[in-house]
Amino acid sequence: MALSAGEIDAAYSALAQAAKQYGLEWVVEQVESQIALGRIRTGKVRAKEVPLRGTNDDEVERMSKGRPLKFTLSDNYSTQEKLEILIQALEHAVYGVWLTASAVSTFMKDNIPNLTVVEFLPEGISKKPFTVVDLEIRTKQQAVEHFQAFVRELKEAI
Amino acid sequence: MPLRPTLLADIQTALGHALIPSLTSVSAANDLYEAYLFGIIIQAARAEGANRVDFRSRTQTNPTVFVFRTSPGYLRSTTQDYGYAELEFHGKPVLEVHLGVRIAGASGVLHECDVCVLLQEEANVCRNSPTTVAPRSARVILSVEAKFYAGDLGLHLGREFLGFLSDIRCVARRMGCQSREQNIVGIGGQDQTRTAFLGLKVGERKLD
Numbered sequence: 001m002a003l004s005a006g007e008i009d010a011a012y013s014a015l016a017q018a019a020k021q022y023g024l025e026w027v028v029e030q031v032e033s034q035i036a037l038g039r040i041r042t043g044k045v046r047a048k049e050v051p052l053r054g055t056n057d058d059e060v061e062r063m064s065k066g067r068p069l070k071f072t073l074s075d076n077y078s079t080q081e082k083l084e085i086l087i088q089a090l091e092h093a094v095y096g097v098w099l100t101a102s103a104v105s106t107f108m109k110d111n112i113p114n115l116t117v118v119e120f121l122p123e124g125i126s127k128k129p130f131t132v133v134d135l136e137i138r139t140k141q142q143a144v145e146h147f148q149a150f151v152r153e154l155k156e157a158i
Numbered sequence: 159m160p161l162r163p164t165l166l167a168d169i170q171t172a173l174g175h176a177l178i179p180s181l182t183s184v185s186a187a188n189d190l191y192e193a194y195l196f197g198i199i200i201q202a203a204r205a206e207g208a209n210r211v212d213f214r215s216r217t218q219t220n221p222t223v224f225v226f227r228t229s230p231g232y233l234r235s236t237t238q239d240y241g242y243a244e245l246e247f248h249g250k251p252v253l254e255v256h257l258g259v260r261i262a263g264a265s266g267v268l269h270e271c272d273v274c275v276l277l278q279e280e281a282n283v284c285r286n287s288p289t290t291v292a293p294r295s296a297r298v299i300l301s302v303e304a305k306f307y308a309g310d311l312g313l314h315l316g317r318e319f320l321g322f323l324s325d326i327r328c329v330a331r332r333m334g335c336q337s338r339e340q341n342i343v344g345i346g347g348q349d350q351t352r353t354a355f356l357g358l359k360v361g362e363r364k365l366d
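Which chain is which? The protein sequence lines are A and B, in order. According to the numbering used here, the first sequence is numbered sequentially starting from 1. According to the numbering used here, the second sequence is numbered sequentially starting from 159.
This is chain B alone, in the form it adopts within the complex (with noise of 0.2 Å):
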């Protein structure tokens, strides 16, 4: 079939329209699929019998302005209301749900979780310390790495999670990827350095 001639300049057209302009920057949709994955994970703690999810910043419960934290942070910052989710489940320590929180390794460095599920008790600690503190990676139940990606997925990513959950020591510990040909692909267990670096697909899920 020849190329209709307007076709390319229609294309050209057509992508300028789609875009919305904050949104543009590979940041950005790295930002928006941590929320995403936020999302997902809430989701996940609904199905499997959370009687409880609130969503709260440091200030309010159910906040009008509902802030994601796009770079690493502490829990005790104030710079700004970022917002997070408690979880309950029945005759369980209560959960908090965290987006671009600095934790603590194993080794004591400090490694950025893109989405984190802690136990609050521990999140409380560190957000109430006159010090700035960060959780200790045994008390964070799951910890996703989230990458947004429009090619295939790069060596360096399968090498840098690899690197992370050999300090990490939480008991799920997941990357989340939106690539090419691959929608959500959950990395870990015991043949994860194999699927580190094959990028495994295991599984699709949306939010609606």
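Just chain A, same shape as in the assembly (with noise of 0.2 Å):
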């Protein structure tokens, strides 16, 4: 059985809650904004159904030709759809930010004989400078695989 939709609205907000407790804020600004903008797509609408001016039935004008006409339209995500966008974004972030990360070190490493570190530093503006550390990464590998786990199991049981 689904999960309720009280469920999917509790996950939904443990998780995004967890996101922005670990500093993933920008993580549920883009799902907001996206979730905000609806899907996308383009379809046909009879323009003969859309009131052109006013809101009582007798006083509106109608555009006055019937067939379909082809416009952009925004469909809102059902709290099913959400959540999964949600736990998507979320998996990209730590997952994807790890392989990403990881990448990057046996890259370099492979690449550079006697390299320590790999640094990521600002130039004149005030950003926080930080390091990619081969061995920090590796040691994430299997708390990277724990939280996939449980990820995939949440989106099993939706």
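In case anyone wonders, no lab produced these hints; they're calculated from the structure. Possibly wrong hints are sitting among the right ones.
As the list claims (entries may be wrong) - Below, in silico cross-link-like pairs of lysine to any residue (SDA-like), each with a Cα-Cα straight-line distance of 20 Å or less:
id, chain 1, residue 1, chain 2, residue 2
1, A, 155, B, 170
2, A, 127, B, 279
3, B, 250, B, 222
4, A, 82, B, 237
5, A, 109, A, 82
6, A, 127, B, 238
7, A, 127, B, 237
8, A, 127, B, 317
9, A, 109, A, 131
10, A, 82, B, 161
Unchecked claim - Derived DEER-like restraints, expressed as beta-carbon distance ranges:
id, chain 1, residue 1, chain 2, residue 2, range
11, B, 248, A, 126, 41 to 47 Å
12, A, 113, B, 202, 31 to 37 Å
13, A, 128, B, 249, 40 to 46 Å
14, A, 72, B, 220, 49 to 55 Å
15, B, 287, A, 44, 55 to 61 Å
16, B, 210, A, 80, 52 to 58 Å
Small disclaimer: the values here were computed from a predicted structure and weren't measured. Idealized CB from N, CA, C, for every residue including glycine.
Each chain sits in its own coordinate frame; assemble them with the hints.
Below is the structure:
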């Protein structure tokens, strides 16, 4: 049996809150922005049915042509889809970033003899520097896999 | 299937353990992705027959500490000993691969290239000039705009990239994106307007 709407809402809130707690506010913001935009598609709308002006049926003007016209449409995501979008985004932010860091670290290590560290440093602006430490990335692998396993379980339950 | 009572709490805990604290910000994700594309370009150069690839900084070959630039800067800068790669193909001018370099568009406006490949001759002029000089976009072989997104790509990214394209005269201009559903997105060429807005998936390559 699929999750109830209440359970899905609770799961969304819990994940969004956890993401914010661990510094992934940007993930939640991007997800919310996407949800607000809706699912974009093109489709035909019978213009005759669209009031041009006014709200009272007796007073509205209507397009005279009755043939369907092509419009860009936005469909609201369902609660289930919203949760799926958040889950995918979190996976991307956790597994995707880990995988990227891992690839960068491996590539640099394989190409530069005696490389000790890869640093990311800004120039002339206040921005937090960081380093990519191969050992740190390797030690996170198991934790990333645990996270993915739990997320997979949640996706199966939705 | 009912939700296991502790599953959400398990995910919350696992999330905390899985993250590398220094890499949770959106800027860190983007910077890492730029470095990833730096590696992709070097791999592509090797695949295309580059006979020499060297990793350098202003002061060293094969620096033991390799520094990637995370904010737009000039090649002449000595603020940090930023790293770059040199590429050489038989009978061709030597090239350099840099991150976060400002280049001059046709209008004279300075743009940031997240990842760029340019002629070493041009880089040397800029590096050794007594005044701060930006490389000319016509001397840039490849410019890549890198975006790491957890959700879908926003409309503004397409708009910004099209503005960038209109002022940059380099040979190849690409937008590389990692987003929820797209891994590597190449944009450019004749149909660039449409692809910039649709974010078409054209290929996926991995470093290892």
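For a quick check of understanding: which of the numbered hints are violated here, in increasing order?
2, 3, 4, 5, 8, 12
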